[in-house]
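Engineer: These are the residues of each chain, in order.
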Amino acid sequence: MATSKRERRGQRNGSHRSSGDDSANDMAMGRAFWSGTISFGLVSVPVELFPATRSSTVHFRMLSPDGTPVRRRYYCPEHNQDVEADEIVRGYEVAKGEYVVLRDEELEALEPQKSRDIDLRLFVNVAEIPPTYFERAYYLAPSGNSNKAYRLLAEVMQQTGKAGIATFVMRDKEYLVAILAENHILRAETLRFHDELRTPEEVGLPAKPRLDKDRVARFERIIRKHTADELDPEEMLDEQSRRLMDIVERKYQEKQDVVRPELPEEDEDDGPSTVNLLEVIRRSLQSGGSKSGGGATSSKSPSKRRTPKSAAADKASSGKPPSSKSGNGKHSHGKHGRGKQADDQDDGPPGRSAALGSKTKDELYERAKSLDIPGRSGMSKDQLIEAIRSHK
Amino acid sequence: MGARAIWKVELHLGDETVPVKLYSAVQDRNIHFKLLHEVDEVPLQQRRVNPLTDETVPYEDTRRAFEAERDLFVVLDEAELAAAEPEPSRAITVTRFVDPSLINHQWYERPYYLGPDGHEDDYFALAEALAGQNKAGVARWTMRGKGYVGALRAEGPYLMLIALRAADEIIPAEELEPPAGRAMAKEELKLAEQLIDALAGEFQPEDFRDEYRHRVKELIDAKLEGKTLPKRKYKPEPAAGSLSASLKASLKKAGLKRAG
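Chains Z and R supply the protein sequences, listed in that same order. Quick note: the first sequence, position 252, residue 252 per the numbering used here, numbers continuous. Quick note: the second sequence, position 214, residue 214 per the numbering used here, numbers continuous.
Don't take each hint at face value.
What the hints assert, rightly or not - Derived pair list, reagent style DMTMM-like, types lysine to aspartate or glutamate, alpha-carbon separation capped at 20 Å:
hint	chain 1	residue 1	chain 2	residue 2
1	Z	Lys255	R	Glu78
2	R	Lys8	R	Asp117
3	R	Lys34	R	Asp221
4	Z	Lys251	Z	Asp66
5	Z	Lys213	R	Glu16
6	R	Lys8	R	Glu120
7	Z	Lys255	R	Asp71
8	R	Lys34	Z	Glu78
9	R	Lys34	Z	Asp82
10	R	Lys223	Z	Glu98
11	R	Lys146	R	Glu109
12	R	Lys8	Z	Asp66
13	Z	Lys173	R	Glu218
What the hints contain is simulated information worked out from the structure, not anything from laboratory work.
So that you can see chain Z by itself, here it is in the shape it has in the complex:
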């Protein structure tokens, strides 16, 4: 039992190919997890999207015995060697050991051309959406010159209690979303598709028998007796993470078991360990849609010292699209952000490292796509930069 728990913990971490790390990376630079356009009627509202949830558990890293964080490598048992990202393709297993191979270009061709558009064609009462459909929340901030249209949409949706419903494709997966407004801020709640929810019949629940009124009344009494006007805020917290962070905090203060390993020169950027997601979203909402807003504070900068506790509290969510979570531990693919970038005005020549380094993974991917760089879907941000630089 203990081992399996440890294994799960391990699987959450260490994998630098997950989109989660990229989003943390982008967020630290004050950049959105995704950007696109909401349209209702002929009005378009360019927006940036940020996870509204922080990491679900304390994010532990796996260290080697000498303290160096471990890396994961893809390894071909046939060739007995590690395999680089550009030698990897995706296979759908049709029979034991038999695969249909799908290439990046083939999958890209399946995306809707306007995959960066969230087109609201239907507005429903928020209260009408069953709770089982809700999956994950993202805040939307205005970008471009959309402040006015953004505020208008938020205002009216909040007044009417309506949510706009749409589907769109983000990072390799199609999402059903409800766009709603709270505190004059737009939020996208991703919803499950109808066929992702089982019916009681599919589960095999028995039919309701004839009920004994006294028995129902007994449960009604219990419910009344234990009814409260409010939630207990303490009860709604993640105690386990708090206990873990208490231990970390104490050891950090006492300088016990604290290691600063030597990292290899060409070490991949795993993304910062601590991102103040709240701060990032705040700034994006206030930048009023002007791109010049710049980067938000990240505790990456040595000037700003923070305790591990506050770091954990601010930690960015994995921001992982729900699909990767349900992949029963299998790492389905390391592919992200293939959609069309809303604003690809920056089309400068590749090769200037500083410019490339400041791009989001989404943008780099788009560049790699336009250059037709093979294996781009499996590449990390650094690998994309490298591949674009060396492409001539």
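Position chain R against the provided structure of chain Z, taking the given hints into account.
Structural biologist: Relative to chain Z, chain R alone:
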């Protein structure tokens, strides 16, 4: 056919106990791929390496650490990790009942069905009572070494348990400042409201389909049969002008759609 229960457990409410079985209400429809070596299409394995030495690090030799500062780690040992784990439980305990509106949409994480495990009369009576009083129970349990908080609700004649995200995992809207600007023109607000009205309808989840997933599946099937898929065309949307002009034009369009 039916689904397999994940867990047999007791539901505790006050002095009452209702034995239940827990089932996932979510069906995984994602298309899962394996990563293959391009040259020979052999499925790849992953190995953990120490990047300094390039040596494989066996799982037993790894240590857990929290990155407290950039590149500075606090290492936790087995005992410390275990100490933070919640007590294992054999029960789902309902601590209180509340108005369902107190539970924020952002908290909902994953739904489960509860089914009866014997004592069907108690099970269905509880569901009936919950539905009749329009209440949600706040429930706590520990599953596979992790503590959960959930909302117990009636779903038709059945019980449903929706696992909730911890409150500290969520960024509440009240903690954020909405974008500011000049007051909006009444005219525009009215137009926008009319447009939303024109597009208002009921939530019919079966009207929406994961188109991309179906296309990926189609492509796989076509490749299996050695066929190619026809290219699809999309028509671009017309460009928009000023905000109120766009609203008016949209209203006109929506109105026409209605009438036609």
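Engineer: Decide, hint by hint, whether the structure agrees.
Structural biologist: Each hint tested on the structure:
no.	hint	result
1	Z:Lys255 <-> R:Glu78	holds, 18 Å
2	R:Lys8 <-> R:Asp117	holds, 7 Å
3	R:Lys34 <-> R:Asp221	holds, 17 Å
4	Z:Lys251 <-> Z:Asp66	holds, 19 Å
5	Z:Lys213 <-> R:Glu16	holds, 17 Å
6	R:Lys8 <-> R:Glu120	holds, 14 Å
7	Z:Lys255 <-> R:Asp71	holds, 15 Å
8	R:Lys34 <-> Z:Glu78	holds, 16 Å
9	R:Lys34 <-> Z:Asp82	holds, 16 Å
10	R:Lys223 <-> Z:Glu98	holds, 13 Å
11	R:Lys146 <-> R:Glu109	holds, 15 Å
12	R:Lys8 <-> Z:Asp66	violated, 43 Å
13	Z:Lys173 <-> R:Glu218	holds, 15 Å
Taken one by one, the earlier hints fail for this structure only at number 12.
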